[in-house]
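Engineer: Heads up: the protein sequence lines correspond to chains A and B, in order.
The first sequence begins at 28 in my numbering and counts up by one.
The second sequence begins at 20 in my numbering and counts up by one.
Check the hints yourself; a few may be wrong.
No farther apart than 25 Å at their CA atoms in a straight line, the calculated lysine-lysine pairs in the PhoX-like style are these [unchecked claim]: (1) B:98 / A:45; (2) B:49 / A:450; (3) B:49 / B:98; (4) B:134 / A:450; (5) B:81 / B:240; (6) B:101 / A:370; (7) B:134 / B:83.
Facing chain B, a subset of chain A residues (Cβ under 10 Å, in silico) [what the hints assert, rightly or not]: (8) 161; (9) 317; (10) 318; (11) 322; (12) 349; (13) 352; (14) 368.
Keep in mind that the hints were calculated from the coordinates and are not lab data.
Values in this document were obtained by computation on a predicted structure and should not be read as measured data.
We put the beta carbon where it would ideally sit given N, CA and C, even for glycine.
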Amino acid sequence: MNFIDLVRTANHNLLRNKTRTFLTILAIFIGSFTIILNTAINAGVNDFIDRQVESIGGDGYIEISPKALYDQMLNMTSGEVQEYEEDAKSIETSYLDDETLKKLESVDGVESLNAYQNLSTDYITSGYTDKKYKITLNLLPDDTIHVDMVAGRQVEANSDSYEIMLTEDYAEKLGFENNDAAVNKKVQLIIPVTLTCMTTEKRQDCQKTITATVTGVAADGVMSMGAGVRVNLALYNHLVDLQYDGLPESQKVAYMATGHIDPTKLDSIRKAFEEEGFTIITIDDEVGMIRTFFDAILIVFNIFGIIALLAAAIGIVNTLFMSVQERTREIGLMKAMGMSSSKIFASFSLEAILLGFWGSIFGIAVSVLIGSIANRIASETFLASFPTFSLTKFEPATMISITLIIMLIAFIAGTLPARRASKKDPIDALRYE
Amino acid sequence: MNTIIEAKNLSKTYGKKATAFQALKDINLKIYKGESVAIVGKSGSGKSTLMHLLALLDTPTKGKVIIGGEDSSTMSNRKLNKLRGNTFGFVFQQFFMNPNDSVLENILLPLKISKIKRSKRKNKAMEALKIVDLASKAKNKATDLSGGQKQRVCIARAIVNNPEIIFADEPTGNLDSSTGDKITDLLFELNRKKGVTLVIVTHDEDLAKLCGRIIRISDGKIISDSKVRKSTMKEAEKRHEKVAATVKARNERSKK
């Protein structure tokens, strides 16, 4: 028999006992469906996280803050009492003057560092509302960072004009009809001038107002790192200059920095920076938790899927053993007619492979269907605030490889009965009643 | 005359040691091309075992089967399968058909196995069906046929690859005498018109008498062999004419 005949025969034989074939395929389907849907959710979540990472600045992006400040922050959240360390550097001692900055930049693997002074903002408002909203402004340090936008464009890091990009929440609160309506509108940022505030009684007397242009609205993300309302360099520097106006140079030093490093050298860089009293926060520090959480859930579901597939594999073995038993005489006849043992083996193996194939094809079909329905429901309900997050993502390459793996499992399961069939002696087989 | 199959010192033992049963004891035998041979014996005499060994469906414990001058024990599996597929045809007492397949599908099976081109298969199968006079039943399910028709389908299946030898194991065993005669007639017609060698295993003396040569087996030994005479072909022809006449006469009688 040639290959096409073998496939046709295998298919024909599967159709002889439709109920049994259907039930076996159903068992495989349950396993493949679970795994495929799982993988799609995994891909969807990872895709979303990846885009978040991208929006922060890719794998090599780091944020630097004085260790003392970072530890203090951690203490505040953990509530643990810590012992005083005699030699520990205080926040005041680990600041980024030119000398320190140069030292850090010279560490092997560091590609760039941008130190920036801390900026405190009082509030933001617009001509479209009477309300004032508290706000923290973040700097978009360079154009290599790509932010998921729902309207307009992200700020140009090096543009001369004062640019700001809002989040969806701010766009709504500031009185814009929708995200698109906010683009190219003006907003007012109110900041305190530190020196003046020390001597005046009323806050209003030391505040300054700066007008900036909204370039666009960013999609909401799940990470705090680098998220939020961002401004370009020109605006940030302008605001800092205003805030620190009149202060002595020693007060103007920066504590924080962002930068890019070679991610493979993270460990040695982290060590070098800690010696100088600075802590590095990488994307993994931020994203790691989220990923670990999702991965744990998905591993559990995948284990379910694999268990289902194993059960299905046993189903295949069972089905084919029954089939071999029923067709003993037919096998004997075919052997008597000159069909080789290897072809008999191939014929039964193909049946197993076909079972696996149909099981995973149905698995794909149903999970794509359910996945897209789930996507639609999710994007209208609990994921409504994350417009760029699609819950499930079906990648053809993944689907094909899952199908191939399931076919392989089916084949392996089928080898047992197929071997038994191929070993049958034609005489014994023909005598079998 | 050309020897087509030769058995040399053929023995077959089933089981081991204490339970060992010797089904065939030192059989020596030559079968010539174009012969019609009946292997006759009681059940358990070893006649079926002998046929299975000659047809290479089973391997002997001792001795050799030589086919076309070549020792079958040294043949490659590929060659053995080719012999089984192209040189031999089988007709069994039980029909061994795939009951849910059509008659045509059943006849196509050996063609598929011996890798005949798809385009040629149907014609060949229909030709074989015409010979057994069942062309009109090609699309019927195999289960819907009567016993005699089923056996005719089996003959069609056996001859579809134009075999040189047909091995028939009690071909009429499951049939009543008139349908059995039709099957007999068909087999001998193939022997006469196409020169197909016939090896028929039977316990039916009437059927055996129609063959050109009768080999009697008892307890695993050949007890008598009416050796072939040179004029076998001519005599066979005469004899088969007789068979045909008997069948015809019986048919006419049954019509009345």
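Engineer: Hint by hint, say whether it matches the structure.
Structural biologist: Results for each hint:
1. B:98 / A:45: violated, 37 Å
2. B:49 / A:450: Cα-Cα ~31 Å, so violated.
3. B:49 / B:98: Judged against 25 Å, a Cα distance of about 21 Å means the pair holds.
4. B:134 / A:450: Given pair residue 134 of chain B, residue 450 of chain A holds - Cα atoms ~22 Å apart, limit 25 Å.
5. B:81 / B:240: holds, 14 Å
6. B:101 / A:370: holds, 13 Å
7. B:134 / B:83: The hint is violated at about 29 Å.
8. 161: violated, 79 Å
9. 317: With a closest approach of 57 Å, the residue 317 of chain A hint is violated.
10. 318: violated, 54 Å
11. 322: Cβ of residue 322 of chain A sits 50 Å from chain B, so the hint is violated.
12. 349: Violated. Min distance 16 Å.
13. 352: violated, 15 Å
14. 368: Hint holds; residue 368 of chain A Cβ to chain B Cβ min 8 Å, cut 10 Å.
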